[in-house]
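Just so you know, the sequences run in chain order A and B. Mapping of the first sequence onto the working numbering: position 115 corresponds to residue 115, and the numbering continues sequentially without gaps. With the second sequence counted from 1, adding 1000 to any position gets you the working numbering.
Keep in mind that the hints were calculated from the coordinates and are not lab data. All C-beta atoms in this analysis are idealised placements derived from N, C-alpha and C, irrespective of residue type, glycine included. Just to be clear, a hint being listed does not mean it is correct.
[Claimed, not checked] Incomplete in silico selection of chain A near chain B, CB under 10 Å: (1) CYS9; (2) ALA27; (3) LYS30; (4) ASP48; (5) TRP85; (6) GLU129.
[Said to hold, decoys possible] Simulated restraints, written as ranges between beta carbons of each label pair: (7) B:LEU1093 to A:ASP48: 20 to 30 Å; (8) B:ARG1109 to A:THR26: 34 to 44 Å; (9) B:ASP1110 to A:ASP48: 37 to 47 Å; (10) B:VAL1162 to A:THR82: 55 to 65 Å; (11) A:GLY13 to B:PHE1013: 48 to 58 Å; (12) A:ASP113 to B:HIS1142: 44 to 54 Å; (13) B:ARG1077 to A:ASP114: 50 to 60 Å; (14) B:VAL1140 to A:LYS117: 45 to 55 Å; (15) A:GLU5 to B:GLU1035: 14 to 24 Å; (16) B:CYS1026 to A:PRO11: 21 to 31 Å; (17) A:GLN34 to B:PRO1016: 32 to 42 Å.
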Amino acid sequence: MELYENMRCEPVGMLALREPVALPITATVKDAIQAMREKKLGCAIIVDENRIPLGMFTESELTRLLSEESLVWDEPVTRYLTRDWPAVTITDPISAVLDALETKNIRFLIVVDDQGKVVGLTGQKGLMEYVAEHFLQQVSVQRIGGNPYPVEREGA
Amino acid sequence: MNSKPISSPCDEFQDPLKNYDPKVYCDPLMKALAEEKVTSVQYRPVAAISPQTTIREAVQALSKLKVACLLIEEAGRLVGVFSDRDVLDKVALEYDTLRERPVSEVMTRDPVCVFDSDSSAAALSVMAVCGFRHVPVIDVKHQVVGIVSPQRVTEFLRKQLVK
């Protein structure tokens, strides 16, 4: 099978899922930013004691708050959360990721198990890597110099 | 006596492209990505600022324009990009001390670009391999003619999937 069918049939678990920044509701804005920097991720998921996601804090929200100069570092990050962030289950088809990213206009997607617990993070980058694997010649050109897929992004 | 004719250099030349057939894609999604030019997924006009713009102004521009990436251009040439990720990594916690500094101090220099004649798959491979979410598109004169974002790629992919 090729890309068209693969995206409809293969489960989200086939994507290279990232370990998310998962923080408790007591975390401050500063905690979230430091954790996002350490893990080189553009978002933090706030979870309850059962690892059920309560909401997401993203780098784009950070930019918006900085531009408004309304950010207080020691405040709980829950004040700035986007709640009810979309999620997919690990057994959903990969096309569900594409649908969610495009229709909700988001960069990151929470991956949960059948009990709704956070098990990973995917998003635009994971999807791009998955599609790019179907174009090995193009990928090889970009890899001249021995670049593997970067765990951390290097810029924009 | 050896009667073998002496071959001329022209006879020995073998055209390396003689048996070249471009790859044929049966998969509609792969065909679209391989055959459609990057210009079909780029968007324009691009949001651009100068390297002397302050970090505060750049952050405000990202927010006001609702974009995740600004191009930094000097005398018509692309010298860097400034994105939400640069805000997170280099600016956020240091904002009070950096806000009036020029954005050139924190921008990502020399971003990887694709040419407007490249395929959509080439732009996507840059995103995957180099880790850049936004890929500027340039012409032969190295002038920026657009930018490819993951949103545009996902929109493109989804259109092909629901056809």
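Taking the hints in turn, this is what the structure says about them:
1. CYS9: 12 Å, violated
2. ALA27: Status violated, d = 15 Å.
3. LYS30: 7 Å, holds
4. ASP48: 25 Å, violated
5. TRP85: 17 Å, violated
6. GLU129: 4 Å, holds
7. B:LEU1093 to A:ASP48: 20 to 30 Å: 27 Å, holds
8. B:ARG1109 to A:THR26: 34 to 44 Å: Hint holds: Cβ distance 38 Å, inside 34 to 44 Å.
9. B:ASP1110 to A:ASP48: 37 to 47 Å: 43 Å, holds
10. B:VAL1162 to A:THR82: 55 to 65 Å: Since the Cβ atoms of B:VAL1162 and A:THR82 sit about 27 Å apart, the hinted range of 55 to 65 Å is violated.
11. A:GLY13 to B:PHE1013: 48 to 58 Å: At roughly 53 Å between Cβ atoms, B:PHE1013 and A:GLY13 fall inside 48 to 58 Å, so the hint holds.
12. A:ASP113 to B:HIS1142: 44 to 54 Å: Given a distance of about 48 Å, which is inside 44 to 54 Å, the answer is holds.
13. B:ARG1077 to A:ASP114: 50 to 60 Å: 52 Å, holds
14. B:VAL1140 to A:LYS117: 45 to 55 Å: Holds, since B:VAL1140 and A:LYS117 (Cβ atoms, about 52 Å apart) stay within the stated range.
15. A:GLU5 to B:GLU1035: 14 to 24 Å: 19 Å, holds
16. B:CYS1026 to A:PRO11: 21 to 31 Å: This hint holds: roughly 23 Å between Cβ atoms.
17. A:GLN34 to B:PRO1016: 32 to 42 Å: Distance hint for A:GLN34, B:PRO1016 is violated at roughly 55 Å.
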